[in-house]
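Peer 1: Sequence:
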Amino acid sequence: MFGISLLRREVPDALIQSYRLQGRIARRTKDSDEELLFFDQHDFPRLPVWMEGQLRFLPWGNRTSQSLLPRTHWCPFESLDAGNWSSLQPVEVVVPASFGCDRGVWYLITEGIRGVVVKDRQQQVVYPISTQATHYYEVMTRNRRMPNFVGETI
Numbered sequence: 003m004f005g006i007s008l009l010r011r012e013v014p015d016a017l018i019q020s021y022r023l024q025g026r027i028a029r030r031t032k033d034s035d036e037e038l039l040f041f042d043q044h045d046f047p048r049l050p051v052w053m054e055g056q057l058r059f060l061p062w063g064n065r066t067s068q069s070l071l072p073r074t075h076w077c078p079f080e081s082l083d084a085g086n087w088s089s090l091q092p093v094e095v096v097v098p099a100s101f102g103c104d105r106g107v108w109y110l111i112t113e114g115i116r117g118v119v120v121k122d123r124q125q126q127v128v129y130p131i132s133t134q135a136t137h138y139y140e141v142m143t144r145n146r147r148m149p150n151f152v153g154e155t156i
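Here the working numbering is used: position 81 in the sequence shown is 83, and no number is missing along the way.
Hints may contain errors.
[As the list claims (entries may be wrong)] Quick list of the computed label-pair ranges, beta carbon to beta carbon:
1) LYS121 - GLY85: 16 to 22 Å
2) SER81 - LEU110: 36 to 42 Å
3) MET3 - GLN125: 37 to 43 Å
4) GLY153 - GLU36: 42 to 48 Å
5) GLN56 - THR112: 31 to 37 Å
6) GLU36 - ARG144: 28 to 34 Å
7) ARG30 - VAL152: 19 to 25 Å
8) ASP33 - THR136: 18 to 24 Å
9) SER88 - ARG29: 27 to 33 Å
Honestly, the hints are just simulated from the structure, not real lab data. Where is the CB? At the ideal position from N, CA and C, for every residue including glycine.
Could you build all of it, start to finish, from the sequences and the hints given here?
Peer 2: Here's what the structure looks like:
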């Protein structure tokens, strides 16, 4: 299970209302700031994205066979770099995040995660970009893949 959190104070109330994100507000500890939680296992997984200068909350990947988009939550960097996604006309975006959680391990994210937005017949969908995990990340999370972080390596 993978997820991110975004500090509540970074999201305007109007966006929380319009995207109906109130149920995602939580505190991970008693003394921590409120955060918006986004996990790939949510019933309706979404991710925040900075796109065209605006913060939006888009569906995270594709879970259904009704869409023509890749049925996954991630876009492997190697696949994107090889041009395998070019027919989908991916638009690179940043997924803002304060913290990441991979297999129960929380860690700080300073700038965000790279992602791509693609469109099927009905809507835009975001896929975070994954890369081969660093040794440290793999030891920390027991995962061989990791998000493609903006401006940092874990």
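Peer 1: Take the hints in turn and mark each one as holding or not.
Peer 2: Structure-based check of all given hints:
1. Checked against the hint of 16 to 22 Å, the C-beta distance between LYS121 and GLY85 comes to roughly 18 Å, which is consistent with it.
2. Between SER81 and LEU110 the Cβ separation comes to about 28 Å, which falls outside the hinted range of 36 to 42 Å.
3. Range check, MET3 to GLN125: about 24 Å between beta-carbon atoms, so the 37 to 43 Å window is missed.
4. Checked against the hint of 42 to 48 Å, the C-beta distance between GLY153 and GLU36 comes to roughly 25 Å, which is inconsistent with it.
5. Here the CB-CB span from GLN56 to THR112 is close to 22 Å, at odds with the stated 31 to 37 Å.
6. A beta carbon spacing of about 29 Å between GLU36 and ARG144 agrees with the range 28 to 34 Å that was offered as a hint.
7. The supplied range of 19 to 25 Å is met by ARG30 and VAL152, whose beta-carbon atoms lie about 22 Å from each other.
8. Checked against the hint of 18 to 24 Å, the pair ASP33 and THR136 fails, with Cβ atoms roughly 30 Å apart.
9. For SER88 and ARG29, the Cβ-Cβ distance of about 42 Å falls outside the hinted range of 27 to 33 Å, so the restraint is violated.
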